[in-house]
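Chemist: The primary structure of each chain is shown beneath.
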Amino acid sequence: MPSRKSKQWSSRSIGSNWQHNVFYTLIRCGGKPAAYCLLLFVVLYYTLLRPEVRNRSSHYLKRRFPGRTPLRMLWDSYLLSLGIGRTLVDRAILGILGPENMYVSPEGTSELAELLAEGHGLILITAHVGCWQLAMSNLAALNTPVSLLIHRDEEDRDRHFFEHNSKKPPYRIIDPAGYLGGTLEMLQVLKNGELLCIMGDRNMGGEGGSVSVDFLGGPVKFPFSPYKLSSATGAPVAVIFPYRSKSGAYELHVAKTFQIPENLGRSAHAYLPFAREFVAALETFVTENPYQFYNFYNMWSPEE
Amino acid sequence: MDTKEKLKKILIDDLNLEELTPEDIDDNAPLFGEGLGLDSLDAVELVVIIQKHFGIEIKNMEEGRVAFQSIEALAAYIDTRMESA
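Taken in sequence, the protein lines are chains A and B.
Quick note: the first sequence uses this note's numbering, first residue 1, plus one each step.
Quick note: the second sequence uses this note's numbering, first residue 1001, plus one each step.
Treat the hints as calculated values from the structure; they're not laboratory data.
Predicted model, so just to flag it, every value in this text is computed and none were measured.
A hint or two may mislead.
Label-pair restraints from in silico Cβ distances [claimed, not checked]:
#, chain 1, residue 1, chain 2, residue 2, range
1, A, T69, B, G1033, 44 to 54 Å
2, A, L272, B, T1080, 52 to 62 Å
3, A, P66, B, P1030, 42 to 52 Å
4, A, T257, B, R1065, 23 to 33 Å
5, B, D1013, A, G234, 34 to 44 Å
6, A, E100, B, T1080, 51 to 61 Å
7, A, P169, B, G1033, 26 to 36 Å
8, B, M1001, A, E288, 56 to 66 Å
9, A, N192, B, E1083, 23 to 33 Å
10, B, E1063, A, I173, 14 to 24 Å
11, B, E1005, A, N192, 54 to 64 Å
12, A, A268, B, N1028, 28 to 38 Å
13, A, G31, B, E1063, 28 to 38 Å
14, A, P170, B, A1085, 35 to 45 Å
The beta-carbon is built from N, C-alpha and C at its ideal position, and this holds for glycine as well.
The following block holds chain A by itself, in its conformation from the complex:
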């Protein structure tokens, strides 16, 4: 079981509490335009004056855009930070102003409904791209409980959208730091024929092993637990990327669906082809949406 202490990533926001609260107040008083406007300047400040922010985004950007000049890299860093900033503002808008203020295309949900109808549950594998919380709100149309494997750092400051209005969470959170990495809870979800959503691009720390797959020209360790769960339960897998389209709306892109053969066993190697399929879909996604990939740490480090 990997040690949590060694992980390089953190789910903690770089903003302080008061900075988050300024945005929340602005959304309440000035609506979306005011928050987006402030965001432009906040991102500019962080990009120009906080080198650690540029450093965090450089691992991905250097691989996505090799050979960029330093000035162009600075612009890329600005656009990437603006991308995640918009995502955070949008999810606050969803929580504060309500879902009617954020359009999420229903496209993709019918395909997921068909897979769910097979009766073995459904594993949604996504990544730290776009705004998964908006996608989750869209899954309500499937009328099936949704569970999400997600770790939150104790000092997380930014809120999930439902926390803005003290509503009941629309999904159940399974903590990978829990008993056996939440594996038994995940199995239960699938045995109940429900939806399980797992981030396929990052090992959360307790839920099992990983396999090495080349991503943007270098090996990265990706978890194989989603594929093993599928093999054990017969649940189909859908690779989904919820992202912000050019019009500012959100879309749930179902990139790939597949069925994993039953009982592939214990060896990580057996799940490598499926991790490769996920990574191929992720590479296509970041090619088309370069500023919506939010892993701000060195995924390619051998220590990861």
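Go by the hints and put chain B onto chain A.
Modeler: Chain B alone, transformed into the frame defined by chain A:
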């Protein structure tokens, strides 16, 4: 062969614990972590193995949590389920 011995043999064969013999496995040692050394994803495998060899489907994972403590606990769980079947 009692359930505990059968279970040990199955775990060694199905989980490829080739370096172990049934005698090496302590009945009360934890299955996960420092005991038998299984990792969290092996719990998935364990659920499949129990169903395959004993015909018992662990539907309630709270029961699984109790049963997966040790060989002793898992054998007791299997025996109880088989008696009530």
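Chemist: Compare the structure with each hint and give your call.
Modeler: Here is what the structure says about each hint:
no.	hint	verdict
1	T69/A <-> G1033/B: 44 to 54 Å	50 Å, holds
2	L272/A <-> T1080/B: 52 to 62 Å	39 Å, violated
3	P66/A <-> P1030/B: 42 to 52 Å	48 Å, holds
4	T257/A <-> R1065/B: 23 to 33 Å	31 Å, holds
5	D1013/B <-> G234/A: 34 to 44 Å	23 Å, violated
6	E100/A <-> T1080/B: 51 to 61 Å	53 Å, holds
7	P169/A <-> G1033/B: 26 to 36 Å	30 Å, holds
8	M1001/B <-> E288/A: 56 to 66 Å	58 Å, holds
9	N192/A <-> E1083/B: 23 to 33 Å	26 Å, holds
10	E1063/B <-> I173/A: 14 to 24 Å	22 Å, holds
11	E1005/B <-> N192/A: 54 to 64 Å	34 Å, violated
12	A268/A <-> N1028/B: 28 to 38 Å	29 Å, holds
13	G31/A <-> E1063/B: 28 to 38 Å	51 Å, violated
14	P170/A <-> A1085/B: 35 to 45 Å	38 Å, holds
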